[in-house]
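For the record, the sequence lines run as chains A and B.
Going by the numbering used here, the first sequence opens with residue 681, and the numbers climb by one from there.
Going by the numbering used here, the second sequence opens with residue 681, and the numbers climb by one from there.
Hints in this document: simulated from the structure, not taken from any laboratory.
Incorrect hints may have been included.
Any copy will do: because identical chains look the same in the list, a pair fits if it lies in one copy or spans two.
Computed list of lysine-lysine pairs in BS3-like fashion (alpha-carbon distance at most 30 Å, straight line) [said to hold, decoys possible]:
id, residue 1, residue 2
1, LYS703, LYS776
2, LYS870, LYS696
3, LYS776, LYS689
4, LYS696, LYS817
5, LYS870, LYS703
6, LYS689, LYS870
Since we're looking at a predicted model, the values are computed, not measured.
2 protein chains.
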Amino acid sequence: MHYPEPISKLMESFMKLPGIGPKTAARLAFFVLGMKEDTVLDFAKALVDAKRNLSFCSVCGHITDVDPCQICQDTSRDRSMICVVQDPKDVIAMEKMRDYTGLYHVLQGAISPMDGIGPEDINVPSLLTRLQDEEVKELILATNPTIEGEATAMYISRLVRPSGIRTTRIAHGLPVGGDLEYADEVTLSKALEGRRELS
Amino acid sequence: MHYPEPISKLMESFMKLPGIGPKTAARLAFFVLGMKEDTVLDFAKALVDAKRNLSFCSVCGHITDVDPCQICQDTSRDRSMICVVQDPKDVIAMEKMRDYTGLYHVLQGAISPMDGIGPEDINVPSLLTRLQDEEVKELILATNPTIEGEATAMYISRLVRPSGIRTTRIAHGLPVGGDLEYADEVTLSKALEGRRELS
């Protein structure tokens, strides 16, 4: 006899989440016991609602509770630009910035031959369909600055080139607030390569 | 527009848990979206069940789904010994050891004048009632080796002394597998003080 069954079941559920081991699960489960019943019920409801009511936008692939998503529906946005990102969280990061008013396309991953992920396994075909249908003038490739992200950007760029749509890649360089001394050589080399005239 | 509402609500719920900030909450919430629906429903049910079906044992104060708890109900256990601990998790730790067959008493805290916690705020009165009613011969004080835990053990020991019940305190010393070199001086002093004849 270790934990009473309801608490060990709750611990098992917590342990299915990433980065939560037996000790953290026990701590969280005991914390839940000390929470108000309403708060726990809200938590349970939020879990079920998130799972049941969220899906991927049929246009851009972003996570949404309405289809098409609010961004795709927003008529005030610039429909001539599509920013291609790997993950719904990247859309959130871009939106927090408030500088971008175009549309998005969420790939839900990146091309990775090592993991057997090809262009058909991520949302590349739907991107090509969008480019045929819509009045798109610029495709901003904002995949991650990793090997997979770079390869994906390169692949899409070559695929789109014949259509005459302008394809751009977000800049690589030193992060704002960073320190030259601690920058890795690849970043530094990219920063030097991407240098611009001071006006 | 940042996150769709269902996911931001789920993130808020995760953020109410200890040690979970906005970034971890987002990671967990997105992970939940990728889980099977059944698993998510089980998680939600586990939360509600744990909150609704668990209470504290009316005898020993341990967390339980039946009252009195399974340990108090177990007739094979030695009813002449009560081990006093601060927390239900301490009972679990003791039970994992499998060496102790007596009963428990969970204080749900320790005396701490700094935090305004006196003997009446923790399960000391119910312990005294148990000592009058039952055939208890030994009280093992297994509160934590902290200032509050020591003070609580000392307090209970003085309170119980007139009744003639044997009160013992678990040993302090070097943890097994520990290193003398890295032991703090208080632990080392306790270890020296508690030295025993080798037989």
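Evaluation of the provided hints:
1. LYS703 with LYS776: between (35 Å within a copy, 14 Å between copies)
2. LYS870 with LYS696: neither (39 Å within a copy, 41 Å between copies)
3. LYS776 with LYS689: This pair counts as between: shortest inter-copy Cα distance 18 Å, intra-copy 37 Å.
4. LYS696 with LYS817: neither (44 Å within a copy, 44 Å between copies)
5. LYS870 with LYS703: Answer is between: at 28 Å across copies they meet the 30 Å cutoff, but 43 Å inside does not.
6. LYS689 with LYS870: neither (50 Å within a copy, 40 Å between copies)
The earlier numbered hints that this structure contradicts are 2, 4 and 6.
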